[in-house]
Amino acid sequence: MDVYNSEEQQVEAIKSWWQENGKSIVAGVIIGFVGLFGWRYYNDYTRQQSEAAAAEYQQVMQSLSEQHEKAFDAVSQFIKSHKNTYGDLAGLQLAAEAVNANKPELAAEQLRYVAEQGSEEEFKPVAAIRLSRLLVAMDKPADALKVLDSITAEQYKAVVAEIRGDALLASSQPDKAREAYTVAMQSGKAGTNPVLQMKLDDLSVASEDVDTPKAK
Numbered sequence: 001m002d003v004y005n006s007e008e009q010q011v012e013a014i015k016s017w018w019q020e021n022g023k024s025i026v027a028g029v030i031i032g033f034v035g036l037f038g039w040r041y042y043n044d045y046t047r048q049q050s051e052a053a054a055a056e057y058q059q060v061m062q063s064l065s066e067q068h069e070k071a072f073d074a075v076s077q078f079i080k081s082h083k084n085t086y087g088d089l090a091g092l093q094l095a096a097e098a099v100n101a102n103k104p105e106l107a108a109e110q111l112r113y114v115a116e117q118g119s120e121e122e123f124k125p126v127a128a129i130r131l132s133r134l135l136v137a138m139d140k141p142a143d144a145l146k147v148l149d150s151i152t153a154e155q156y157k158a159v160v161a162e163i164r165g166d167a168l169l170a171s172s173q174p175d176k177a178r179e180a181y182t183v184a185m186q187s188g189k190a191g192t193n194p195v196l197q198m199k200l201d202d203l204s205v206a207s208e209d210v211d212t213p214k215a216k
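Numbering follows this note's numbering, in which position 206 of the sequence shown is assigned residue number 206; successive positions increment by one, without gaps.
Just so you know, the hints here were simulated from the structure itself, not pulled from any lab data.
Hints are not guaranteed to be accurate.
Here are the computed lysine-lysine pairs in the DSS-like style, where the Cα-Cα straight-line distance is at most 25 Å [what the hints assert, rightly or not]:
1. 176 / 157
2. 70 / 80
3. 70 / 103
4. 124 / 103
5. 103 / 140
6. 157 / 124
7. 157 / 103
8. 124 / 146
9. 140 / 189
10. 176 / 189
11. 146 / 103
12. 70 / 83
13. 83 / 140
14. 140 / 157
15. 70 / 146
Label pairs and their calculated CB-CB ranges [what the hints assert, rightly or not]:
16. 83 / 138: 23 to 31 Å
17. 198 / 56: 42 to 50 Å
18. 201 / 102: 29 to 37 Å
19. 154 / 69: 31 to 39 Å
Note that the Cβ used here is the ideal one computed from N, Cα and C, for glycine as well.
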C-alpha cells in the first residue's frame, strides 16, 4: 500500500481495497470452513461406517463358526452388501466352510469372486491360489491352469509352480509336471519342501518304470 499524507486518505484507501477484495476474502474463509468441517464430517462418517462393518463382520463370523452351513445364507448376504475388506474376508471364510461342508461349487464361487472382483488387491492372489487348488481337487485341472495364469506376483512363484505341477499331472502331462515342480523347488525358500520332493521322486519312479523294459 502507498504512503498517504493523512489518516483520512489511508482510511479511504482501505475502504476502496475492501470493496474490491472483501467479498473474495469472505468467500475464501467460508469455503475454508466448509472444507474443514466437510472433511471432518467425511472422516467421522467413514470411521462410523467402518466400525459398523467390523461389528457386523464379527457377528456373521461368529454365526458361521457356531452354525456352520445354517449361516451360509446370512454370510452370503453380508458379502453382497459389503464390497470392501470385510466382504473379501467373509468370502474367504465362507469358502473354507463350504469346503468343509462338501460344497465345493459354493467354495469355488466365493473364491473366484474375491480373486476377480475383490476390493483388496492383496487378497486376490490368495483367493486365486486357493481356487486353483480346489479346482484340481474337483478334477478341473484345465480351469486351475487358467486361474494360475492370472497370478503374476513374484512372491507366489513357488506355490503357483507347485499347483501348476499338480494340475499338469492331473492332465496326464507328467513331463511338464516335473518341470513345474522343479521350478517350484528352485523358487522356494532355503531348504527342501518334503512334500514337493516327494512329488518329484514319485514322478522319477514312474518314469523309470515306463523306461525299464519288462522281462520276457
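We went through each hint and held it up to the structure:
no., hint, verdict
1, 176 / 157, "holds, 16 Å"
2, 70 / 80, "holds, 17 Å"
3, 70 / 103, "holds, 13 Å"
4, 124 / 103, "holds, 21 Å"
5, 103 / 140, "holds, 15 Å"
6, 157 / 124, "holds, 15 Å"
7, 157 / 103, "violated, 29 Å"
8, 124 / 146, "holds, 15 Å"
9, 140 / 189, "violated, 29 Å"
10, 176 / 189, "holds, 22 Å"
11, 146 / 103, "holds, 22 Å"
12, 70 / 83, "holds, 23 Å"
13, 83 / 140, "violated, 29 Å"
14, 140 / 157, "holds, 21 Å"
15, 70 / 146, "violated, 32 Å"
16, 83 / 138: 23 to 31 Å, "holds, 27 Å"
17, 198 / 56: 42 to 50 Å, "holds, 44 Å"
18, 201 / 102: 29 to 37 Å, "holds, 31 Å"
19, 154 / 69: 31 to 39 Å, "holds, 38 Å"
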